[in-house]
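2 protein chains.
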Amino acid sequence: MDLVFKALADASRRDLLDRLRADNGQTLNQLCAGVPGMTRQAVSKHLALLEEANLIATVKRGREKLHYLNPVPIHEIAERWIGKFERSRLDALSELKKALESGDE
Amino acid sequence: MDLVFKALADASRRDLLDRLRADNGQTLNQLCAGVPGMTRQAVSKHLALLEEANLIATVKRGREKLHYLNPVPIHEIAERWIGKFERSRLDALSELKKALESGDE
DNA sequence: TTGACAGGCAACCAAATGGTTGCATATTGT
DNA sequence: ACAATATGCAACCATTTGGTTGCCTGTCAA
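Protein sequences appear in the order of chains A and B.
Read left to right, the first sequence gives residues 480 to 584 (this note's numbering).
Read left to right, the second sequence gives residues 480 to 584 (this note's numbering).
Please keep in mind that the hints were generated in silico from the structure rather than gathered at the bench.
What you are looking at is a predicted structure, and each value in this text was computed from that prediction instead of being measured.
Please note that a few of the clues may not be correct.
Which copy is meant is left open, because identical chains are indistinguishable; a pair holds if it fits in one copy or across any two.
Claimed, not checked - Once the Cα atoms are required to be at most 16 Å apart in a straight line, the calculated EDC-like pairs of lysine to aspartate or glutamate come out as:
#1 K544 with E530
#2 K563 with D494
#3 K485 with E555
Full structure from sequences and hints, please.
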């Protein structure tokens with residue numbers, strides 16, 4: 480799960496995921512065209528990381544490689560990690576408020 | 480939002496958040512006691528990052544500094560970013576399946 | 001078959017990151 | 001006042017990260 484978090488930590492990689500969500504199954508060069516100002520190799524490295532984190536799956540099709548979004552790890556993060564923080568959301572907020580108030584004593 | 484993602488990318492920092500969720504309002508030294516094998520300064524740096532990302536709020540209380548969990552940024556991530564991936568979850572999965580099948584042609 | 005196109009691999013580089021040690025400052029209790 | 005406690009700050013170090021350039025491999029089409 481750490482890999483997923485680290486993969487999501489970079490804005491360029493989140494952007495790549497966004498582009499795949501908008502248009503799934505793109506090739507490396509297609510993705511490069513969408514992210515100008517970065518070499519193909521840089522994009523390639525980002526995609527490799529995303530693939531390692533299992534956030535995208537790839538299919539080799541002749542000489543090109545199609546990239547597909549895999550939403551499962553994001554779902555798992557939402558379920559297992561964010562969920563428990565959501566549950567204590569209001570609770571923690573009221574605690575915080577109380578603490579801030581009592582801090583003025 | 481980038482700060483939040485980067486802050487969440489580190490396992491030690493996620494651990495600190497977990498500890499605060501379990502016992503909110505801890506001081507630096509209390510948190511250090513919970514994470515052995517790391518100097519106070521290391522923990523302090525992590526907390527500074529979490530604070531910068533607005534994931535924790537702090538209250539100075541005499542010579543000690545209390546740390547409170549702020550679940551709002553996590554909620555925002557869940558809403559704005561994960562939400563849209565969740566919505567396309569099954570859709571992307573079926574697309575992926577189709578692509579994998581047609582890849583065998 | 002032979003370009004041209006899509007991608008992979010490796011070396012290299014600068015900057016960011018996670019951690020340390022050492023010292024300074026502020027608060028508290030006796 | 002003063003020693004102990006709680007934290008802050010700065011310099012330093014090793015590793016990781018994001019990026020580059022240069023070259024190699026594989027595939028398609030004329």
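Structure-based check of each hint:
no. : hint           : result
1   : K544 with E530 : within (12 Å within a copy, 41 Å between copies)
2   : K563 with D494 : between (26 Å within a copy, 13 Å between copies)
3   : K485 with E555 : within (15 Å within a copy, 19 Å between copies)
When the structure is compared with the earlier hints, no violation turns up for any of them.
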